[in-house]
Amino acid sequence: MRLPRFEYLKPENLNKLLQMLAIYKNDAKILAGGTDLLVRMKKGLLKPKFVISLKDLKELSYIKQNNENIKIGAKTCIADIIDSNIIKNKAYALFQACQKIGAATIQHYKGTIGGNILQDNRCIHYNQSAFHRSGRGACHKDGGKICYARDDADRCFSTCQSDGATALMALDAKLSLAKKGKKRTINLADFYTSDGIIPFIIEPDEILTEIIIPIKDGVSFYKRLSCRSSIDYPIVSAGVFLKPLQKNVPLEKNTIDNARIVVGAIGRSPLFLSSASLFLKGKKFNDINAFKKASNIAMDNASTFAVHNIGSTTLEYRCSMIFQMVFQALEQAVNLNQENQK
Amino acid sequence: MSNLNVVGKPIPKLDAAQKALGRAQYIQDIKLPEMLYGKILYSKFAHAKIININTSKAEKLSGVYAVLTGKDVPKKMKMGFYKDNPPIKKDKVCSFRDEVAAVAALSPEIAEKALSLIEIEYKELKGIFDPEKAMEKESPLVHEYHKSNVLKLPWKLHYGDVEKAEKESDFIVKEKFKTTWVTHCCLGTSGAVALFDSNDNLTIHTNTQIPSLAQKDFLEALRSMGLENKRVRVIKPTIGGGFGSKLDTYAYEHIAILLAHKTRKPVKIIFDRKEEFKATSTRQPAIIYIKQGCNKDGKLTFRDIKMVLDNGAYTSWGATTPSVMMMPITSLYRVENVRYKAKCVYTNNTYSQAMRGYGNPQATFAIESNLDMLAQKAGIDRIEIRRINQNQPGDITPQGFKISSCGLSKCIDKVEKELKKDCKKQENVGTGIASLIHVGGGARIYKSDGCGVILKMDDYGKVDIFTGGTDMGQGLDNITAQIVAEELGLFVEDINVVHSDTDICPWDVGAHASRSTFVAGNAALGAAQKIKEKILKFASKILDASIKDLILRDRTIFVKDNSEKNIPPKSIAIDKLLRKAHFSPNGTMLMADYFYDPDNENMGKDFKGNMSVTYAFGVHGVKLTVDKETGKVEILDYIAAHDVGRAINPLLLEGQVYGGVVMGLGYALTEEVMHKNGENMNADFRDYKLFTAKDAIKIKAPVIETNDKYGPFGAKGIGEPGCVPTAPAIANAIYDAVGVRIKDLPITPEKVLAALKEKSLQE
Ligand SMILES: Cc1cc2nc3c(=O)[nH]c(=O)nc-3n(C[C@H](O)[C@H](O)[C@H](O)COP(=O)(O)OP(=O)(O)OC[C@H]3O[C@@H](n4cnc5c(N)ncnc54)[C@H](O)[C@@H]3O)c2cc1C
Ligand code: SF4
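Chains as they are written, first to last, in the working numbering: chain E, 3 to 344; chain R, 3 to 765.
Worth double-checking, as some hints may not be accurate.
[Said to hold, decoys possible] Some but not every residue of chain E turned toward chain R, in silico, with C-beta under 10 Å:
1. 45
2. 47
3. 49
4. 312
5. 313
6. 320
7. 326
[Stated by the list, open to error] Each pair of labels, with its calculated beta carbon distance range:
8. E/49 <-> R/59: 16 to 26 Å
9. R/140 <-> E/290: 52 to 62 Å
10. E/146 <-> R/275: 18 to 28 Å
Keep in mind that the hints were calculated from the coordinates and are not lab data.
Because the structure is a prediction, the values reported are computed rather than measured.
Built from N, CA and C at the ideal position, the CB exists for glycine as well.
Produce the entire structure from the sequences given, and follow the hints as far as they go.
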C-alpha cells in the first residue's frame with residue numbers, strides 16, 4: 003500500500019498556515035504526527051491534494067498552567083504529556099489515557115494530542131483497503147446508503163476510539179480553534195456531530211490550537227480494556243471525575259458534589275453520561291453501591307450507541323464491559339487518592 | 003565430551019550485525035537490471051463464476067508489459083500437494099484469495115493502476131464456510147469435478163483395540179475441541195524475482211524453506227510451459243521468518259515465472275502486509291472429537307480421536323498435517339490402544355498450510371486438555387497421571403516410534419519444582435502443565451530425508467561450507483559453523499556457511515520438522531570428519547606422530563604431550579599445514595562432501611514406522627490469574643522445559659523456545675484470522691492480535707540434556723516444540739484458577755467470562 007500523490011506544504015508559523023487553509027480548504031489536510039492520517043491515506047480512505055505539515059510550527063507545542071486552567075498546545079506530543087508533572091498532578095486521567103495510546107513509538111516519535119482528538123472514527127467494515135471496499139456496496143461513510151455494522155442504520159455509527167478525548171471530556175476540557183481572522187472556544191462535549199461520517203464540528207479552514215483543562219479540586223481516573231498491552235485501540239474505556247463537596251475532609255468521609263462519567267470507544271464520540279453522573283451527586287465517596295448503580299446507568303445509556311464494528315469482541319461483551327470500566331474507574335479514583343493522602 | 007570449545011557456547015547469530023545494520027539482503031532489496039514489477043489481482047468473491055474478463059484497458063496503459071489471466075496459464079501448471087490449484091484461476095473462483103489476473107509493468111504504481119483497469123464480470127455462487135456443513139450431501143461443491151468436498155486422503159489408523167479398551171476403562175472423558183486460523187506473521191513479507199536466460203533457463207530468487215523441492219516444482223512448471231530439459235536455479239535471499247509458511251511454492255512465484263517468460267525480463271513480485279495476511283496460508287482450523295480412558299491406577303487405556311480440518315479452497319502441504327498429528331495421538335505418553343481419523347474438507351475459506359508444529363499444537367491442545375479432565379474424573383493428581391504414563395527411553399510406541407533418549411520425566415520434575423516453589427493457593431490464580439512429543443531427528447515425510455554438504459578449506463585455514471540446509475533466521479548458519487569449528491579445532495570466524503543457492507549447494511529436503519540441526523548438523527559433521535581424517539593423516543607425516551596422538555585445537559594440530567613438562571608439545575598451525583599440502587609436488591587441497599540421510603523410515607500403509615531417528619520432549623508449566631470481572635488472563639510465571647539432547651548453542655536455543663512460547667501464547671489467547679464469509683477482516687497488525695513486546699512475558703527455559711546417541715554432539719531438534727503445549731497448559735491453568743474449561747481457541751476474555759457466567763448459573 004502506497005500513499006497517493008499530494009503536494010506537501012510546511013508553513014513556519016500559524017499565520018501562514020491559516021492563510022493556506024483559507025485558500026485550500028477541503029483540498030487540504032493537516033499533518034501533525036500523521037499516525038492516523040497517513041494510515042488512512044494509505045488505505046485510500048482520503049486523498050487530499052495538499053498535506054499541510056505542522057512540522058516547522060513551534061507555536062503549538064506547550065503545556066502551561068495558570069490559576070484556573072492547564073493549557074496544552076495542540077501539537078504537543080503524547081510523550082511530553084506523559085512526562086509532565088502538571089498533567090500528572092492536575093489531570094491524572096489524561097496522563098493515564100496518554101500512557102495507553104498506541105505504543106511507545108507512537109507516543110514518542112510523532113503522535114500529538116490534537117491528532118489524537120481529531121483522529122477519524124473507526125469501523126472494521128470501513129477501515130479496510132480500497133480493494134476490500136470495492137468488493138461490496140459502499141456504506142454511509144464511504145458515500146453509500148448502507149451500514150454493515152447495524153442493519154437499520156440511517157447514518158454512520160463508526161466509533162471514536164480516542165483515549166485522549168475520553169479522558170479530556172471527563173476533565174471537562176475546552177478546545178480553542180482558529181481560522182484566518184477568527185478564533186473560538188468550544189466545550190469538548192459540544193464538539194461532536196451526530197454522524198460518524200464527519201464526527202467533528204470543525205470547518206475545513208479551521209485548526210485546533212489549544213486544549214484547555216479547567217483546574218478543579220477533585221479526583222480523576224481513566225480505565226480501558228483492550229486485547230493487548232500495546233498497539234491496541236480500546237474495546238471500551240471510561241474516564242471519570244469526582245469533585246468533593248467539603249474542603250480539607252478526607253475522601254472517605256466526603257460527599258460527591260459533582261461527577262463526570264464519560265464512556266469511550268462505544269459511540270461516535272466519547273459519551274458524557276449525564277444521568278449516571280447526576281446520580282452520584284450527594285452520594286458518599288465510600289458508597290460502593292452508588293458507584294455500582296451509576297455504572298449500571300452508564301452501561302444502559304451508553305449501550306444504545308454501540309454497533310458491532312470492532313472485530314475482536316461481540317457487541318454484547320463490549321457493552322457489558324462498560325459497567326466494569328466505569329465502576330473500576332470510580333473505585334480506583336477514590337482508592338488512589340486515599341493512598342496519596344496517606 | 004566435556005572439553006568442547008565451540009559447541010555448547012552461546013555465540014550470537016552470525017548474521018546478527020548484518021541484519022541490525024540493515025545490510026542483509028532480503029527479497030525486497032533485490033533489484034536487477036531491466037526489472038519489471040508484477041502485481042496480482044484477487045477475487046472479489048468467495049465463490050463465483052468468472053463470466054468475462056476484459057484486460058484491454060490495462061494492456062493499453064503505458065508502462066504495462068504483460069497482462070495475464072487464467073487463459074494464459076498452461077493447463078498442466080497446478081500447485082500444491084493435491085495439484086488442485088492453478089496459479090491464476092480461469093472459469094471460477096473458490097476463495098477471496100483466488101488470483102484472477104496479473105500484470106508486469108515498469109513500476110509498482112503502474113502495475114497497480116493496470117490492475118484497477120481490468121474489468122471482470124462475476125456470477126456469485128453460494129459459498130460454504132463451515133467444514134462440517136461442507137460434508138453434508140446438499141452442500142455446494144467447491145470443486146464440482148471433485149464430486150465431494152471431502153478430500154480423498156488416507157488419514158486413518160487403529161492400533162490395538164479401542165472398543166475393547168473403552169469397555170474395560172474405569173474412567174472415560176469425551177470432549178469436543180476447536181482451534182481456529184492463525185498465521186505466521188513473518189516480519190519479512192513474501193516475494194520472488196524470476197528471470198530467464200536466453201536459453202530459457204530459469205533463475206528465481208525466492209523466500210523459500212525448501213530450495214531443492216521448490217526447484218523440482220519450478221522444473222515441473224517449466225515443463226508445463228513446454229520448456230523441457232531446462233535448468234532451474236533457486237536463490238534464497240535472507241529470509242525474515244519462515245515458520246512453515248515457505249514450505250510450498252505459491253501462485254506469486256509461478257506468476258513471476260510466467261510474467262518473466264512472457265516479457266523476457268526479470269519480474270519481481272513483493273507482497274505488502276495486507277497481501278501477506280490475505281494471500282498467504284494459515285494454520286488449519288480443526289474440530290476435534292476426543293475420548294480418552296484410564297483405569298483406577300491412572301494408566302491410560304485408550305485414545306480415540308476424530309478430526310475435521312478446514313482445508314480451504316485448495317490443497318497445500320498443510321493437508322498432510324494429520325500425518326504429524328498422529329505422532330502425539332499415538333505416542334504422547336504410553337497408550338496402547340489408539341484410533342484416529344481425520345477428514346480434510348474443502349470450503350470457500352483461505353487454504354491452510356504448514357505452520358510451526360505442523361498439526362501438533364492442535365492435537366496436543368485436545369489431548370492435554372482432555373487428560374486434565376480425565377485426571378480429575380479419576381481423582382488423580384494432574385502431574386501424577388502424566389508421570390504414570392510418561393514415555394521412557396527404549397519404548398517403541400504403537401506407531402512404531404523408537405524412543406531413543408527421553409527427558410520427559412526430567413522435564414516434568416523440573417516444571418513441577420518451579421511451579422510449586424510458591425505454593426500458597428491464591429484466589430483466581432491457577433497453574434497448568436502440558437507435555438509434548440515431536441520429531442527430533444528428522445522426519446521422513448518425503449522419499450529422502452537427507453541433506454548434502456560440501457566443504458573446502460583454503461590456504462589460510464578457512465572453511466567454506468556449502469550446505470543444503472536452510473537458514474531462515476533460526477540459526478542453522480551458527481549450528482553448522484559451530485559443529486565444523488569444533489570438529490576441526492577452529493573458531494566460528496573461520497567458517498563461512500553458504501546456504502542459499504541450488505547451483506552451489508547440494509540437495510536437502512528443506513527446513514521443516516525441526517530437522518535442520520539434526521540432519522544438516524550431522525551432514526556437516528560427516529563432511530568435517532572426512533576432512534579431519536585427511537588433515538590428521540597429513541599431519542602425522544609432518545609431525546612424525548601417530549594419528550591417535552594428534553589433537554586439533556586453536557587452529558593448530560598438537561601432538562599429545564607425553565614427555566617432560568617444560569618442553570612445548572610438537573605442533574603445526576593448520577594454515578601452515580594446508581599450504582604445505584597445497585604447495586608441494588602432487589599438491590592437494592582439502593575438500594570433502596557428505597550426504598547424510600538419517601536412518602528413519604517412511605510410514606507404511608498403516609502409518610507405522612519410525613518416522614524420526616529420535617524424538618524431542620518437553621513440558622510447559624504456567625501460573626496465571628484470571629480477572630473474574632472482565633475474563634482477562636494474566637500470566638504470572640512460565641516455565642518451558644525441553645529435552646533437546648544437547649544445546650549446541652544455548653543462546654539460539656533459548657531464542658527458539660522464547661519465540662515458540664510467545665507464538666503459542668498468541669495461539670492460546672489472542673490470535674485469530676477473522677473471516678466473514680470467507681473474507682479476511684483483520685489483515686493488519688492492529689486488528690490481528692499478535693502479542694507485542696509489551697505482552698511478552700518472562701519465560702524460564704531450562705534445558706534438559708539427554709545427549710542423544712544419534713544427534714550431532716547429542717543434539718535433537720527444537721525449532722517447533724516451543725509452541726506446541728502452550729495452549730493446553732494455559733487452558734489447564736485457567737481451569738485450575740477459576741474452574742472453567744475453554745475448549746475453543748483463542749481463549750478470549752469474552753469466552754472466559756461467558757463460561758464463568760454459565761458456571762455461576764449452574765451453581
Ligand atoms: C498502531 C496504532 C495504534 C494506535 N493506538 C491508539 C490508541 O490506542 N488510542 C488512541 O487514542 N489512538 C491510537 N492511535 C491513533 C493515533 O496514532 C493517535 O491518536 C495519535 O495521537 C494521533 O496523533 P497524530 O499527531 O499522529 O495525528 P495525525 O494523524 O497527524 O492527525 C489525525 C487527524 O487530525 C487532524 N489534525 C491533527 N492535528 C490537527 C490540528 N491541530 N488541527 C486540526 N486538525 C488536526 C489531521 O488532519 C488528521 O485528520 C493509534 C495509531 C496507530 C497507527
Ligand atoms: S458504522 Fe456502518 S456506515 Fe459507519 S463505517 Fe461502519 S459500516 Fe460504514
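These are the hints, each one checked on the structure:
Here the hint on residue 45 of chain E is kept, as its CB sits about 9 Å from the closest CB of chain R, short of 10 Å. With its C-beta approaching chain R no nearer than about 13 Å, residue 47 of chain E sits outside the 10 Å limit, and its interface hint is violated. The beta carbon of residue 49 of chain E is not positioned within 10 Å of any beta carbon in chain R (closest approach about 14 Å), and the interface hint is therefore violated. With a cut of 10 Å, the hint placing residue 312 of chain E at the interface with chain R holds, because the nearest CB-to-CB distance is about 8 Å.
Interface hint status for residue 313 of chain E: upheld, as the beta-carbon distance to the closest one in chain R is roughly 5 Å, under 10 Å. The restraint placing residue 320 of chain E at the interface with chain R holds, with a minimum CB-CB distance near 9 Å, inside the 10 Å limit. At about 5 Å, the closest approach between the beta carbon of residue 326 of chain E and any beta carbon in chain R falls short of 10 Å, and the interface hint on this residue holds. Between residue 49 of chain E and residue 59 of chain R, the C-beta spacing of about 21 Å keeps the proposed range 16 to 26 Å intact.
For residue 140 of chain R and residue 290 of chain E, the hinted distance range of 52 to 62 Å is satisfied, since their beta carbons lie about 57 Å from each other. The hinted range of 18 to 28 Å is satisfied by residue 146 of chain E and residue 275 of chain R, whose Cβ atoms lie roughly 27 Å apart.
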